[in-house]
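Student: Chains as they are written, first to last, in the numbering used here: chain A, 249 to 871; chain B, 169 to 473.
It is worth saying that the hints were derived from the structure and are not from the lab.
A virtual CB, placed ideally from N, CA and C, is assigned to each residue, including glycine.
Keep in mind that a hint or two might mislead.
[What the hints assert, rightly or not] Stretch by stretch, here's where chain B covers chain A in the computed footprint (C-beta under 8 angstroms, at least three residues):
| id | segment |
| --- | --- |
| 1 | 390-402 |
| 2 | 723-732 |
[Unchecked claim] Computed footprint of chain B on chain A, listed as stretches where at least three residues anywhere in the stretch have a Cβ under 8 angstroms from a Cβ of chain B:
| id | segment |
| --- | --- |
| 3 | 288-299 |
| 4 | 414-421 |
| 5 | 428-435 |
| 6 | 439-451 |
| 7 | 518-526 |
| 8 | 763-777 |
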Amino acid sequence: MLLVILASAVARAQSTPITVLYLNAKSINFYYDRFLLEADGNVRLRTSDGFTVTGDSFSMDLKLNRFLVAGHVTLQDRSGTVSGAAISDFLDFKRIYFVPVTSEPDRWTFLNGDLAHPAMGRVMPGDAFYFPPITTQPDMTGTGAVIGTKTYLRFIGAVAYVAGVGIPLGSNVISFSSNQYLAQNSLSGATADITWQVAGSPNALTALHLRYDPTYKLYGSVEQHFVGDHEYAILSVNPATRAEKWWNAMLYEKLGSRFQIQSFTQYYAQQNYLQLPRAAQQTTWINATYAFPHSYVTATSQLVNYNLLGPGSLEVPKPLGGSLAHPTFLQLTANSFQNKIAKLPLFENIYEGYGFAHDSVGSQYLNGFPGYWPGNGAFAPIPVPGLQAYGALCNVQPSKVYKYYCPVYTTIYNTVLGFNLFTPSLKLNQPESPYQQYYFNASFNKQRQWNSLPHYIDNTNTTLTVSRQFNRALHTYVGYEIQNIGDHYIDGGYEQCTQPHGQPTTFCPDSFTSFRGVATLRTASFGLNDTPTPDFNLSLLVRHHQDYPIPVPGLFAFPENNILGQPLYSWWLGQPPYDATADVRFKILPHTLADISRTLYWYGNPYRAQYWQQNFVIQLLPI
Amino acid sequence: MMPPSTNPSTKFTLSAVEGLRMTTVLALVLAAVLLAAGPSIVVTGQLLAYQDGFVFFTTGDGFRVAPGVVIHDAKTGGPTKLAPAPRMWARATFDATGTVTELDLSRAALPPEGNFDDVTRFAVAASSPAPNPDLLAYQNLATPGPGGGAPTSVSYSGKPVLVTFIVQVPPTTPLTASVYISTDQSAWNAQAIPMDRIDALHYSITRRYPSGTIFHYLYDRGSLQSEEIAQNGLSRAPRNFVVPDADVRTVSDTVSAWQDQVPGSINQQQPQIMPTPYNPAPFPNLPPGLPPPEPPQSHKPPPAR
């Protein structure tokens, strides 16, 4: 697949009719916020269209895809040399406007690249020789540039300016292609990332990253993009400067108008430089979709190998491989489009799927090897994995506190059936002013997954909201959401949590005594958004959760945060009863927004040990 | 020697012709004097070039420069070290013959003064003006429009336009989800433009863009893995939008599905999903805070299973 993508990208590179401009000048400035390239002094421009221009000044709007050279201009091609005052090339329209100066000035228009036969005296567009006003400092300077029109700009002798401080980069590529595949990213999140795009073309981009995150601290990474119109391949190693290396390959190909396939493969190696790894793991995710006129079918598979080092590798000194498990998933799902039900204000879509999970809850979690348990064997790796426990209790229970479950079923087959129902925004009243209008929305999702274990999992999700816009800037809504997740075992399943001596304990609090694997989460929300100007936004979200089982601080901690410090999941078992989030965004630079968000989690009265927690996030967003 | 003619009629005729000639000459001289003493014309503009005895403005017009042209500083009116060059701004004084006799220079933009329409007739061009079919066919189009060789019938002034994006999201979108617009204007940053929820199914955001901005964009939930997909489950091409010459514009879109929420699928994994000593709990819903699998402290061989 990688070879097909690379071949397609190369073929596109050869067939795409872009113009490449080679620019040299005493100083070349780039303005990121407007994609302007301005140059002055000894300007020399060579184009792949076959002519060369020299002059005093150069100006190019990379988005409009047109350039201007002015002052003591010479235009040279195979047919000869002409002097003039200015030349402007509207590349998209194959029109070159030239002001020659022979005995006296004139106006020539070259049509469709024919420099030998100018149309003389033609009226020119009023802005053919327009210099854009510049009011800011350049973001990057250099002495040479290669411009792939509408795709990329490669600076030579580049100096990037951050807060007014120049950072010499040598070669640096700025991609401004409308091809979104160039932005695909195979790196994990990081607290900070400085990217140096060393080399590039319309179909490729090579980037070096200097990154920081709390796990690996400061490290370097490398990423390579190859893109075509309908395909991409992203290859990376991250971190590249640590013994723990993640090699990533992200591939995508769209074949025709109905089929696409994409994959993500990750290879983890514990190795110094490129020496023989001490541990090596791999996972591959593959997704293929075929579209029908009113539905589509998706096949998804995940293949994991927790140890690629082969037999005996776990026995070498200081082994880190951990497990010989190789979880494998495959799911085939058919989805309908959204359809309106008769003339009702109601839409539906249904889906059904079949699949299996093999070795899915890896044995490395549930029993592992007792000799390698942490704490000199005092603790097994991880006990019950959430709501869904596969198998039965282990024969050997190493702890008197935790219960450990051992996998019995290595392969579990499943059948999924689900549907969505939802309304469009329904008007609740007929006021004179649109700012007095109330809207109602409702959605309902139901899904059941039968497993061969045997047990079945029900998911039901109902959302109701009422919203109103009070003026152009202010929107509000109130919402109520009920999520019900039930894991129903035909035989066995969740054990009753019993309280010794009838007293609640940390490990068996109140509502867990009756918990049998069915959780219900109810959330009431109030949201407010105020956008008085496009450069300022205030939003407020206040929620009240009423969940079963009742959350207990410390028993169910927050989910892991993403790299921005936000919870990875919007809901989870054990949410604090109240939370409030305020978010303010405002413009701090012409091309940058500051986003400050603060969340308070309030546990309420029943759990006096911990009243509240908070989360604080500051982001800088390019706009 | 011939005596002077005494033919009175002949004498009268000669005198009349001479008088007519003299009158004409006098009239021309008078006209020239009047013209020479006429008011000069002053316009400001940005210079395109200054060479070969001509000064060119960014209109593309070239004007003859008087041999002894005076060059001053536009701000002080006194002498200047500035030399006419591209990008520089100038206040040009034209004499009655259309020759530039004075240039007052400035690096900063000068306030508008005069009207270029008054001096266009002085522009020097070797060829006679010829109509431009590219422009005529589209009613004085300033710039050919985007999208290939054929210009569109729309021109853009570049004025700031308030653009409000309103998107209807799938009903499976979590109530707390953050929705963003990813655009080529921000190098496809997945969190470039955060949107605000206005009800269960709608998010909106208002931004200011110059008219004529060509905008390619997609909606996402904060990452490329949660980007919108087409109704048929395939990745969709970016949406296109050209900011019009209006005061306010509203763009309404509908997202059919999110890539990571296709029912029944295994979500596309984020990078670094495998458990290692440094990433011990990559899977969701595992209660954190429990001892992670750690590398053994001793080198005991594993027991037989």
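Student: Run every hint past the structure and note whether it holds.
Tutor: Okay, the hints, checked on the actual structure:
no., hint, in the structure
1, 390-402, "violated (count 0)"
2, 723-732, "holds (count 4)"
3, 288-299, "violated (count 1)"
4, 414-421, "violated (count 0)"
5, 428-435, "holds (count 7)"
6, 439-451, "violated (count 0)"
7, 518-526, "violated (count 1)"
8, 763-777, "holds (count 4)"
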